[in-house]
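Trainee: Listed below are the residues making up each chain.
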Amino acid sequence: MPSNYCSFRKSVPWLILFLETVFIILFYFLVPHYGYDAFIRNISYTDFQDVNNMVIFGFGFFLAFLKRYSFSSTGFNLLIIVLGVQCSILMEGLLFLKDPNEHDPKIITMAAVSMTAVAISSGAVLGKTNPLQLIVMTVVEIIIFHVSRWINKRFLQVQDNISMKHVHLFGAYFGLAVSSRFSEPSPRSEKNASTPKSDLLSMLGTLFLWVFWPSFNSVLADRDKTKAIYNTYFALAVSAVTAFTLSVLTTKDGKFRMIHVHSAALAGGVTVCYTAESIDYPWIAMILGLLASVITILGSFCLKRCLNPALKIHDTSGVHFTFGLPGLLGAVAQVVLSVIKKWTVLPSLGYMVMIYIGAFCLTISVALITGFITGLILNFKLLKIIPVSKYFEDQFYWEFPHLAVGF
Amino acid sequence: MPSNYCSFRKSVPWLILFLETVFIILFYFLVPHYGYDAFIRNISYTDFQDVNNMVIFGFGFFLAFLKRYSFSSTGFNLLIIVLGVQCSILMEGLLFLKDPNEHDPKIITMAAVSMTAVAISSGAVLGKTNPLQLIVMTVVEIIIFHVSRWINKRFLQVQDNISMKHVHLFGAYFGLAVSSRFSEPSPRSEKNASTPKSDLLSMLGTLFLWVFWPSFNSVLADRDKTKAIYNTYFALAVSAVTAFTLSVLTTKDGKFRMIHVHSAALAGGVTVCYTAESIDYPWIAMILGLLASVITILGSFCLKRCLNPALKIHDTSGVHFTFGLPGLLGAVAQVVLSVIKKWTVLPSLGYMVMIYIGAFCLTISVALITGFITGLILNFKLLKIIPVSKYFEDQFYWEFPHLAVGF
Amino acid sequence: MPSNYCSFRKSVPWLILFLETVFIILFYFLVPHYGYDAFIRNISYTDFQDVNNMVIFGFGFFLAFLKRYSFSSTGFNLLIIVLGVQCSILMEGLLFLKDPNEHDPKIITMAAVSMTAVAISSGAVLGKTNPLQLIVMTVVEIIIFHVSRWINKRFLQVQDNISMKHVHLFGAYFGLAVSSRFSEPSPRSEKNASTPKSDLLSMLGTLFLWVFWPSFNSVLADRDKTKAIYNTYFALAVSAVTAFTLSVLTTKDGKFRMIHVHSAALAGGVTVCYTAESIDYPWIAMILGLLASVITILGSFCLKRCLNPALKIHDTSGVHFTFGLPGLLGAVAQVVLSVIKKWTVLPSLGYMVMIYIGAFCLTISVALITGFITGLILNFKLLKIIPVSKYFEDQFYWEFPHLAVGF
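Protein chains in written order, with full-length UniProt numbering: chain A, 1 to 407; chain B, 1 to 407; chain C, 1 to 407.
Same shape as in the complex, but just chain A (with noise of 0.2 Å):
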């Protein structure tokens, strides 16, 4: 370990220092004086903050579920976010930003949107990856999925705020290709699991997320906000309650589990990203918000059990029934409503259906081949993977004076 870790603290910071460096020198170069003007000038600082809450805070704590890595969750997590969120902008201003005039003035909230597909992404790694590891993973999954939007936009004409909505998706699936290329922890790790201290803390992350869920989908909605706000909250809602109703059937002896509660509470808020602002009536938000719950906890029950040891796949958050699946649902929930919406205006549907299939089955392609390129990358010996018996570990990073005294 010494030489291990000697490594890993020669590394680190000057990765670190080179990325500012990097990150510094093109701000430089492409945010001209007028440009900042412009780039600033129309954001709504509200909406920012209620998504910055969210990625920082409430992901934050969300993901510090794990009995011995509370300060590597909401630490790294503030990491790799801020990093991210530096990159994303550069991203977008290349991508996206060619003719100053025909600019977006959400670019800097829309580069904080789009950490919640980093953010998610380390939940599938949680505790498994080294600093190094998660540093790179977080610039090359934001600079993948800004180009996933880009070849979205440029061949399938997506519009840029309905191509951002797979952000969970995006982030999920990227997460769970680059977590199958690292070994599982050993099934009896003592690490590996939560105390209830550390699942109120998650709950805290939990109910945060949850109470800005609306906020972020009104972020994304290009029309008619205030829908998709009213949307996302009734969605919310049926899927908090449900949430409780299939954590009393599905487990042994009929009490409640935390993490389902987790999970699903917010499962509603992914799966009604898609079609907030464009559902009509509050029933069919709550319906969304009640399927959402329910594929989020049988898909926790089946995942657990029969897919992910099949592909040996270990998913520390459980991204894939969060995120993954609930996404997956509102795609199809998107193509649902569009086809019933506009069933009388048949030519135009076809073509619609397709773009919509297409830009979801081109992003999560793209998630899973990138992610599992990411994941054998990550595991070159360079960036000093961890042993096993590391995993979920906060000593192995961090200083723990206490010890010294007592924990």
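Keep in mind that the hints were calculated from the coordinates and are not lab data.
Bear in mind the structure is a predicted one, so any value in this text is a computation, not a measurement.
Mixed in with the good hints, there may be bad ones.
To be verified - Capping the alpha-carbon separation at 16 Å, the derived lysine to aspartate or glutamate pairs in EDC-like fashion look like this:
{"id": "1", "chain 1": "A", "residue 1": "Lys-255", "chain 2": "B", "residue 2": "Glu-399"}
{"id": "2", "chain 1": "B", "residue 1": "Lys-390", "chain 2": "B", "residue 2": "Glu-190"}
{"id": "3", "chain 1": "C", "residue 1": "Lys-225", "chain 2": "A", "residue 2": "Asp-37"}
{"id": "4", "chain 1": "C", "residue 1": "Lys-252", "chain 2": "A", "residue 2": "Glu-399"}
{"id": "5", "chain 1": "A", "residue 1": "Lys-10", "chain 2": "C", "residue 2": "Asp-253"}
{"id": "6", "chain 1": "C", "residue 1": "Lys-197", "chain 2": "A", "residue 2": "Glu-399"}
{"id": "7", "chain 1": "B", "residue 1": "Lys-197", "chain 2": "C", "residue 2": "Glu-399"}
{"id": "8", "chain 1": "C", "residue 1": "Lys-341", "chain 2": "C", "residue 2": "Asp-280"}
{"id": "9", "chain 1": "B", "residue 1": "Lys-255", "chain 2": "C", "residue 2": "Glu-399"}
{"id": "10", "chain 1": "C", "residue 1": "Lys-255", "chain 2": "A", "residue 2": "Glu-399"}
{"id": "11", "chain 1": "B", "residue 1": "Lys-252", "chain 2": "C", "residue 2": "Asp-37"}
{"id": "12", "chain 1": "A", "residue 1": "Lys-252", "chain 2": "B", "residue 2": "Glu-399"}
{"id": "13", "chain 1": "B", "residue 1": "Lys-225", "chain 2": "C", "residue 2": "Asp-37"}
Unchecked claim - Taking beta-carbon pairs under 7 Å as the criterion, some of the chain C residues facing chain A (in silico):
{"id": "14", "residue": "Met-203"}
{"id": "15", "residue": "Leu-207"}
{"id": "16", "residue": "Val-211"}
{"id": "17", "residue": "Tyr-230"}
{"id": "18", "residue": "Thr-245"}
{"id": "19", "residue": "Leu-249"}
{"id": "20", "residue": "Arg-257"}
{"id": "21", "residue": "Ile-355"}
{"id": "22", "residue": "Tyr-356"}
Cβ atoms here follow ideal geometry from the backbone N, Cα and C, with glycine treated the same way.
We have chain A already, so just place chains B and C on it with the hints.
Mentor: Same frame as chain A, but now just chains B and C:
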């Protein structure tokens, strides 16, 4: 226990699913397309979000002070709020939306505000009810609360905004009446206590409620929101300061007691609720805050010693002195301030005072009587009353895989 | 101890009641009816709420890192903020509201902003002062802070907004000067330490402060709020990233140290405060953030090793390097950036630089001298100085019924 528990398992999910189905069907019939747009069009999202933050996050953690009941406090709070808010929207729609043209744009926000009553009542029976009973209580309470407001409106011509200000009083006395029908926990029960960690979590919730309380009162103000905000702030500030003073004066060793700070810091906000928008000088709000704090702390002293043992009421989180007594004070202050203000217009004065007192007596009576009946209903065997030995115990409802590896 | 404690009991509540009475009477005389309306009319409630969130919730938990002092950290923070804010409103009213027509609509928000100075100073003496001393310190500090701003305005023609930006510097150096008059805790004191749980709570406060810091700087900006927000965000992002880098480089084993992340992540926001609205390119804000982080972490290293032992200053929560040094850097950066920007207009340049440096030196000198005197006053026997052995101990001030049943 097993047989009891099995039946609990059988009933909770089906009750929740039944309610959700009913709610979705009612939403289907009650909210037509044009109605939905009108429904949500002019809501202030900031107001809605602040209230939401308070009822979901604030109360969730405010109630999390019991040492072995923090999962249930935050979890069940989420469950009953999201279930109740749907019920509340439907009730508001049924009772107050006769004519879609004279439509109140704040209907969803008001539904969230009225959930405060449920959160407060659940504080009185915290740890003594199972989820089945909580859900029944929530639905019954929210229906009765809206019926009581409707009676206020119909027979006393009280405006919707003003009848909503009784939300704390109604919640506190309904909860107390329900609580009087439950057996008291053993006075030596070591589970009915807090730990320093859980008290700190509760402080987190309290500070959150404290910061957002001005928003809450401004939502209930119909004319002068700005005044409502700053009067509430001044009242809260003085009541927090006074809480520390009185805590030292009333405890045996002259130390501070955390529970005093939790209750009395919020008392100013409850008291000033009725008069926030009509107070013209900050010093009046400050004196109200001071009196609220005094009544809360003296109340906590007297109630625990005299009234509660006499009436055999056990009030887990002290809602009587945290929300009930300051609410009473606020209602009285409203009458006194109106009398002083409109002294010159004697004829209409008497009528107005009558209306105020009538609305207030009506609300309390309805809360006490229906709360008492609800308490009786909750003790039906069908609802699986839990034995006193299982009070205040998370493990009765939640999976605790953590136990295997040590708390 | 008993006798000491009894006298503590005797004095705290009467001091608080005396202050509250004085404040209410002063509010009565100073805020006439028409004045109150003007007082609150044009405040941005969002700004006020964000600042309030920061000083009550953010600083409350930011300071809760001591293992046995979390009740006092959050509780006394609430007490001194709510007490101080009333005093601050009165001082602002007395000193800056001569003519009600040239009235600053931000007076209440500014009062909340100026409480940052008190929160910071209380960090320097955290755990070493009793509530009596804290209250005296709060009142004295807030009066002197406003007098210092008034001198700045009167004699140096510095605008109110700009003199308010010295709030971090004033708080840090006042706190340090006070702290120099208190005996140092024993270096082997095991109570002057954190636990992983308390460090995590402090992380919660830090992330909260981090997220709301852009609002704070935008409140202090008088022209270009949008620019202030995003420049602050960029500076904070880079300083958080750099915190991780330097933490690895400066600790012995190359591990991260939580306290570095807490301090340095916020440093960027403190530094950029002075120049947030006048920076025209994001890369300048980013470089300031980077420098702020460097100065904070190097400062924490040097101060603890060299300066503090030499001067016998014990700075519990490291306010010198968290707020003092980055504030100094920010003040210097303001001068440098102004010189670069207005290079062409030489005559007025020299005068402006003089004013900047004068205001800055004046503020620091006032803070140091009055802080020192306040420290002397706080050591009067009348104020019941607490023995070193009772430092950092919640149980000295708070009831701990929990102890009976185990911690």
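Trainee: Evaluate each hint against the coordinates.
Mentor: Verification of the supplied hints:
1. A threshold of 16 Å between alpha carbons decides the hint, and for Lys-255 (chain A) with Glu-399 (chain B) the separation of about 6 Å falls inside it, so the pair holds.
2. For the suggested pair Lys-390 (chain B) and Glu-190 (chain B), the alpha carbons sit about 12 Å apart, so the restraint of at most 16 Å is met.
3. Taking the CA atoms of Lys-225 (chain C) and Asp-37 (chain A), the gap is about 12 Å. The hint holds against a cut of 16 Å.
4. Of the pairs offered as hints, the one joining Lys-252 (chain C) and Glu-399 (chain A) holds, with about 9 Å between alpha carbons and a cut-off of 16 Å not exceeded.
5. For a cut-off of 16 Å, the pair hint linking Lys-10 (chain A) to Asp-253 (chain C) stands: about 11 Å separates their Cα positions.
6. A hinted pair counts as satisfied when its Cα atoms are at most 16 Å apart, and Lys-197 (chain C) with Glu-399 (chain A) qualifies at roughly 14 Å.
7. For a cut-off of 16 Å, the pair hint linking Lys-197 (chain B) to Glu-399 (chain C) stands: about 14 Å separates their Cα positions.
8. Note on Lys-341 (chain C) and Asp-280 (chain C): the hinted pairing holds, with a Cα-Cα distance of about 10 Å set against a maximum of 16 Å.
9. A threshold of 16 Å between alpha carbons decides the hint, and for Lys-255 (chain B) with Glu-399 (chain C) the separation of about 6 Å falls inside it, so the pair holds.
10. Straight-line distance between C-alpha atoms of Lys-255 (chain C) and Glu-399 (chain A) comes to about 6 Å, which keeps the hinted pair within the 16 Å bound.
11. For a cut-off of 16 Å, the pair hint linking Lys-252 (chain B) to Asp-37 (chain C) is broken: about 44 Å separates their Cα positions.
12. Our distance criterion of 16 Å between C-alpha atoms is met by Lys-252 (chain A) and Glu-399 (chain B), whose separation comes to about 9 Å.
13. Distance hint between Lys-225 (chain B) and Asp-37 (chain C) is fulfilled; the C-alpha atoms sit about 12 Å from each other, no more than 16 Å.
14. At about 5 Å, the closest approach between the beta carbon of Met-203 (chain C) and any beta carbon in chain A falls short of 7 Å, and the interface hint on this residue holds.
15. Nearest Cβ of chain A to the Cβ of Leu-207 (chain C): about 5 Å, under the 7 Å cut. The hint holds.
16. Checking Val-211 (chain C) against chain A by beta carbon gives a least distance of about 5 Å; that is within 7 Å, so the hint holds.
17. The criterion of a C-beta within 7 Å of any C-beta in chain A is met by Tyr-230 (chain C), whose closest approach is roughly 5 Å, and the hint holds.
18. Restraint check, Thr-245 (chain C) versus chain A: the minimum CB separation of about 4 Å is within 7 Å; hint holds.
19. Proximity of Leu-249 (chain C) to chain A holds as hinted, the smallest CB-CB distance being about 5 Å (cut-off 7 Å).
20. About 5 Å separates the beta-carbon of Arg-257 (chain C) from the nearest beta-carbon of chain A, less than 7 Å, and the hint is met.
21. Interface hint at Ile-355 (chain C): violated, since its Cβ lies 26 Å from the closest Cβ of chain A, which is beyond the 7 Å cut-off.
22. At a threshold of 7 Å, the smallest CB-CB gap from Tyr-356 (chain C) to chain A is about 24 Å, leaving the interface hint violated.
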